[in-house]
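Protein chains: 4
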Amino acid sequence: MAIWFKSDNTAAVAPEVLQAIASVNTPFAAAYGDDEWTRSLQAAFSATFGCDVRVFVVSTGTAANTLALASLAPPWGAVFAHEQAHILRDESTAPEFMTGGARLVPLPGEGAMIAASTLRDALAFFADDVHSPRAAALSITQCTELGRVYGPAALRALTDVARQRGLRVHMDGARFANAVAALGVHPGDLSWRAGVDVLSFGATKNGAMGVEAVVFFDAGLAEQFEWRRKRAGHLLSKMRFAAAQLEALLQDDLWLKLAARANRLAARVAREAGPWLMHPVEANELFLRLGEARRRQLREHPAGFHFYDWGPAGQGEARFVVSWNQDDADCDRLAEALTALPR
Amino acid sequence: MAIWFKSDNTAAVAPEVLQAIASVNTPFAAAYGDDEWTRSLQAAFSATFGCDVRVFVVSTGTAANTLALASLAPPWGAVFAHEQAHILRDESTAPEFMTGGARLVPLPGEGAMIAASTLRDALAFFADDVHSPRAAALSITQCTELGRVYGPAALRALTDVARQRGLRVHMDGARFANAVAALGVHPGDLSWRAGVDVLSFGATKNGAMGVEAVVFFDAGLAEQFEWRRKRAGHLLSKMRFAAAQLEALLQDDLWLKLAARANRLAARVAREAGPWLMHPVEANELFLRLGEARRRQLREHPAGFHFYDWGPAGQGEARFVVSWNQDDADCDRLAEALTALPR
Amino acid sequence: MAIWFKSDNTAAVAPEVLQAIASVNTPFAAAYGDDEWTRSLQAAFSATFGCDVRVFVVSTGTAANTLALASLAPPWGAVFAHEQAHILRDESTAPEFMTGGARLVPLPGEGAMIAASTLRDALAFFADDVHSPRAAALSITQCTELGRVYGPAALRALTDVARQRGLRVHMDGARFANAVAALGVHPGDLSWRAGVDVLSFGATKNGAMGVEAVVFFDAGLAEQFEWRRKRAGHLLSKMRFAAAQLEALLQDDLWLKLAARANRLAARVAREAGPWLMHPVEANELFLRLGEARRRQLREHPAGFHFYDWGPAGQGEARFVVSWNQDDADCDRLAEALTALPR
Amino acid sequence: MAIWFKSDNTAAVAPEVLQAIASVNTPFAAAYGDDEWTRSLQAAFSATFGCDVRVFVVSTGTAANTLALASLAPPWGAVFAHEQAHILRDESTAPEFMTGGARLVPLPGEGAMIAASTLRDALAFFADDVHSPRAAALSITQCTELGRVYGPAALRALTDVARQRGLRVHMDGARFANAVAALGVHPGDLSWRAGVDVLSFGATKNGAMGVEAVVFFDAGLAEQFEWRRKRAGHLLSKMRFAAAQLEALLQDDLWLKLAARANRLAARVAREAGPWLMHPVEANELFLRLGEARRRQLREHPAGFHFYDWGPAGQGEARFVVSWNQDDADCDRLAEALTALPR
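Residue numbers (the working numbering), protein chains in the order written: chain A, 3 to 345; chain B, 3 to 345; chain C, 3 to 345; chain D, 3 to 345.
It should be emphasised that the hints constitute simulated quantities derived from the structure, not laboratory data.
Only true hints are included.
Which copy is meant is left open, so a pair is good if it fits within one copy or across any two.
As a list, the in silico DMTMM-like pairs of lysine to aspartate or glutamate whose alpha-carbon atoms are at most 25 angstroms apart:
1. LYS8 with ASP130
2. LYS8 with ASP36
3. LYS259 with ASP191
4. LYS8 with GLU38
5. LYS259 with ASP329
6. LYS8 with GLU228
7. LYS8 with ASP131
8. LYS8 with GLU302
9. LYS8 with GLU338
10. LYS8 with ASP92
11. LYS8 with ASP334
12. LYS8 with GLU274
Since the structure is predicted, the reported quantities are computational estimates derived from the model, not experimental observations.
Next comes chain A alone, as it looks inside the complex (with noise of 0.2 angstroms):
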């Protein structure tokens, strides 16, 4: 028996995602995303954004970040992102790769988040000069790596310190559907209503099969993605099966709906978690520190729990990540587990 925490991406596909693609597979249509299915995907992300907007299909997350980034940052630029950002410990160094060479720059923060006055520090070492790198951009990623979720206004001071020294934003957004569905705002107040130029909308961890949207609020930042896209190898030339999946997904809000139930799952979960919480649990992540014992213990549970260690060695902290089609009945036993855990 196993019952798997381990990521969103270990999840299955949506059945109505599993339809839509279904549904496209006409005998033939035009390649390369000059079909129908994706040319309305324009209208689709405009209508569920509330702003005119430039959206590319993309397979993976790693994909969408970098070539995101590759939009704001020239290969002399520098970019900004908390110190446990995806793109700087989870994504190789395809961020070097894809911009051209353009520097990292990590920032310390609680809950992985970047604050206002974080950021300004970090650029005072930052010249307008030939020499340093120049700063480009910022990265801003929601939920956090330790699931954490940046409101409208936290949004709006971290990007106004940005955009006062020149900086563009991205948005890692690879559980952008969890940040919305927590805090049941308008898809716009986390993106471009607070300062955000562009995002990479997950999908994959949220019942697709493999597919991401970048998303430009900025329709001149743009230009030269497709171009980029191409170059990298990412250009799929049956880009109806991927943009079937980016239209399931947006129809009817259904992810928002697959990203909060995933949300009312954690938490159901987090109530029982309390004394080893490191971290509120505002998403879908439950971060414990339960020590080298208890974790040991759960890994050995009957139910043959699956999850991920974190942190440094020794502490035994672990990541639970509860999924869209996670079963009710699985997080129970989670929750009672941890309920029966030694104090």
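Go by the hints and put chains B, C and D onto chain A.
Frame of chain A; chains B, C and D shown alone:
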């Protein structure tokens, strides 16, 4: 009405492939290729090719080709290819990007085929010093961009020249299935037994949804592949859905059956295209020099034939690609329409 | 004994240049080009070319050429050049490296010259879509790699074709001085007035110690140059010593006098080289098809002539370059030796 | 009047160096380093370091550092360095460019020194999987950016941590001469005997005109260097003029004499700078926290002291660098001026 002969990448996904995708939609499975389906690809490809291979999944042909080339050529290397090769004409500057700036060297040749002597002559201009790009790799396209097929002997002659000079050999096999099906030989005869080190095994044009395999016949060359794939954003998180497509194609030689069908229908059309045929039809593509009037006539035909203009302006050349799922009757209509054209 | 005709980059530093270096050896001066000598280069070059230019100092011809190209072509761009151009044959893959992976497209042409019609034909194969490398720049070598000189009209014809298609124009002027001296025209006539956007102004081969200038005739193209130069490690800290070399060459047209002397001596040799001359001697280089026996005879001559083998094996071709500091008597000896060769 | 303490790269060229340049100005000599002076550098550096080395000439410190790093780290590698290191703060994104996109990881540390434990802790965050940048190299600056000097034991402790994890070690020795002179040890004790694989041997700041040496203590790491140098445009054609500078510095330990003199004069100034000294003065740099008023006072001093502001705004910090050719009397004047400042 519309009958499509534009490209095999405008075709549908084979039902067996769609079924395979659905069949791996388990609630949870390991991400990033650590699932059972992806792992079993090693055995499936090894069985198909009759030797131990190392196989990697990517989502596009450009990714397959250029990541493969990056495994063969250093950034100061030169890669020789036909001047009409996809890597030279249709993949932007992805080869330069992925290799870190290697040089592409275009070679001429009838039928988009490279003659051994042409390669030998070209190599004479590349010195073994620090000033010249270092001759590093040969890339062969099979079938060629003009629908021709290299036989084992022609391949061997070509790769022998390459090896004498220390070059490694890549094959762009976007339509490798059509070549194998056309010659009725063992897949190994057109790859490792003929001196090929790494093959881009095309699947998307042959009934898959969006997946290609990079097959290494020399495991030593594959050592850095995973790092390169990751940093190019081509490591799929839910990889099982891509692996399943490849498994479905290899199963019971479906890949060869689909390709053989396309070849057979192309041959059927070719029988009526005699006066205008520019190249022997050896697989699933036809290149016709119709002249502008006849080309227009075909486009305005009630059947609504879709195909690409080809070649220099004013010549009235056209390319027709027959896909795996082409309708028999549609091919008959095209043949009839060709027969009816004024001579 | 040894008489060197291998290359003008084996020659000495002109006494005026050495003197200039010594003259700027003040105890202290601002670094990184913020010194008075480097700053005054803008005026000196503007006066020389008869227009406002933006000029940058670098230490090698490869740096000059490739940083210039990076200013003209995006990473997904195509740069057209003669197949024998230095950037294609002798600079490793520096052009790909500096441009971030642009494509080099080799063009044929007698005398290593590109005909306007050749460029036009080549451009027809580059579509304005995302699949094809985007035609972005033309690079012209002056004098050509075979010692030929483009006149203003030939340049204009060529750059007109480029401009009609939106390409920007670079000139590799490693021997620009020899071309200007040969034609007796104004430097502007072979550069900006003939449609050149940016010039690699060669100095090292013409009496400098190790410096080249990148001269922009369109200031808009120079905007990113300083960033590119810096990150390629080509921003010299004690730049005044490089600037002084250029100043010395421009002073009283020393650059043209040195080049004219080399040209004159080359012409003197050419008068005795008639039977074997492969190309008209228009500047300071001679290309002779001597056959292997005569080539060996010349090498074994008591004078000890040093020169490069050229061309394909077995043809006995040879290149002789006459440097600015070539001894008159040495040229006479070569002329005599040529006269004495068996016809 | 002006007395310069801005940087040792604003200083003059040593007379011995100028003389050496003139002495190799033979009419002709082989280009691209195939001359006798460049070749003899191997022996000269091997003798200086007491072991067989492979040495390469480049024209700037950025070229030396970044080409060296490219020899140690793959494009998916991580390079650890102090957060104030030149490669992180003053070389734009040249490290990313030359390495093909490796990651720079900044480490904190008093006096711009990296503690062994700091490196160890940082390494714990880098997994040996495909997602994380691969820990590949450590870069140590000697003297540090704050004028501190690592002794052999401190170096060893640091490089031991690196080696245990498989990292290779680079030393940015822009002021390596000052460190060796300061400690009075053998050059080998601060390099290969202390675990350094490759050294950027600074010369320009220490009396040369514009040349640095990259010294490999592990020949295996140097295999690709020539190709990398060439394609970065750093292969000098008239290399003898650069080699001669290095020869002159090594001759009779001139490099150490010049550095020792600068160190001695810096110490002389430091004796009067006590109240404001931020770091021990161990070589030729002083960092003073003067406060804004005193800093201004010093600038408005009749002697016209030139120096750089340092550190965060509002703190009134200043950097003074004593060059090899600093006038004794000028140092006295600075010392006196410091003494006269209000406490």
